[in-house]
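Sequences and hints are given; from them, build the entire structure.
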Amino acid sequence: MMIRRVSFDHPDAVKLNDRVQAEYHVRYGDGGDATLLDPSDFEPPNGLYLLVYDENDSPVASGGWRAQDANGAGNRDGDAELKRMYVIEEMRGRGLARRVLAALEEDARTAGRIRMVLETGTKQPEAIALYTSSGYEPCEKFGYYRFHEASRCFAKAL
Numbered sequence: 001m002m003i004r005r006v007s008f009d010h011p012d013a014v015k016l017n018d019r020v021q022a023e024y025h026v027r028y029g030d031g032g033d034a035t036l037l038d039p040s041d042f043e044p045p046n047g048l049y050l051l052v053y054d055e056n057d058s059p060v061a062s063g064g065w066r067a068q069d070a071n072g073a074g075n076r077d078g079d080a081e082l083k084r085m086y087v088i089e090e091m092r093g094r095g096l097a098r099r100v101l102a103a104l105e106e107d108a109r110t111a112g113r114i115r116m117v118l119e120t121g122t123k124q125p126e127a128i129a130l131y132t133s134s135g136y137e138p139c140e141k142f143g144y145y146r147f148h149e150a151s152r153c154f155a156k157a158l
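Going by full-length UniProt numbering, the residue at position 40 of the sequence shown is 40; the numbering climbs one at a time, nothing skipped.
Hints are computed from structural coordinates only; laboratory data are not their basis. One or more hints might be untrue.
What the hints assert, rightly or not - Result set (SDA-like, lysine to any residue): computed pairs, CA atoms no more than 25 Å apart in a straight line: (1) K123 to D107; (2) K141 to R152; (3) K123 to T110; (4) K156 to G31; (5) K15 to R92; (6) K156 to A111; (7) K15 to G121; (8) K156 to D57; (9) K156 to E126; (10) K123 to D57; (11) K123 to C139; (12) K123 to R5; (13) K123 to P138; (14) K141 to L130; (15) K141 to Y24; (16) K156 to P138; (17) K156 to P125; (18) K123 to R98; (19) K123 to A111; (20) K15 to V60; (21) K156 to G143; (22) K141 to G31; (23) K123 to R109; (24) K15 to L37; (25) K156 to T132; (26) K156 to G72; (27) K15 to G74; (28) K15 to G93; (29) K156 to A67; (30) K141 to E90; (31) K141 to I114; (32) K123 to E89.
Claimed, not checked - Label pairs and their computed distance ranges (CB to CB): (33) T35 to P138: 30 to 40 Å; (34) M91 to P11: 15 to 25 Å; (35) T132 to T35: 19 to 29 Å; (36) A150 to L37: 29 to 39 Å; (37) P44 to K123: 27 to 37 Å; (38) K141 to M2: 30 to 40 Å; (39) A34 to S7: 31 to 41 Å.
C-beta: ideal position from N, C-alpha, C; glycine also.
Laid out in structure tokens, this is it:
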């Protein structure tokens, strides 16, 4: 497996983003994550977007972080927000999400971010298990879904 930095609007990133949005729709019935994202959100030094490629050079996993500071949506100064962590179904259970998560945490730390935060939902128990087993703890809700009952927010000091 090869991890590569790409832009959020790279064709392979768009392909995986479409897949994760379709999965969110199946799980929540709401059309997918409505959080506004811009490709510039993931440009260093204020963010990073990664894709994992298999031995056939096919994209199989993704994840990114973007800088957030204190705002009306509940973020704090120094936050790095995880977005679009995803592994295609046929590649799950191989540790790819953990590898991407570790790379994103290290990059955000190097960029001077002090806390990694994320929002997920109750219908993604495998995501919650990944994050809690990686040292994330529940935190105050933030972001687009902060008022939704199914939303769960987690944070980890970097």
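Notebook entry, point to check: Of the hints stated earlier, which fail here?
Noted result: Violated hints: 1, 3, 4, 8, 10, 12, 19, 23, 27, 30, 33, 36 and 39; rest satisfied.
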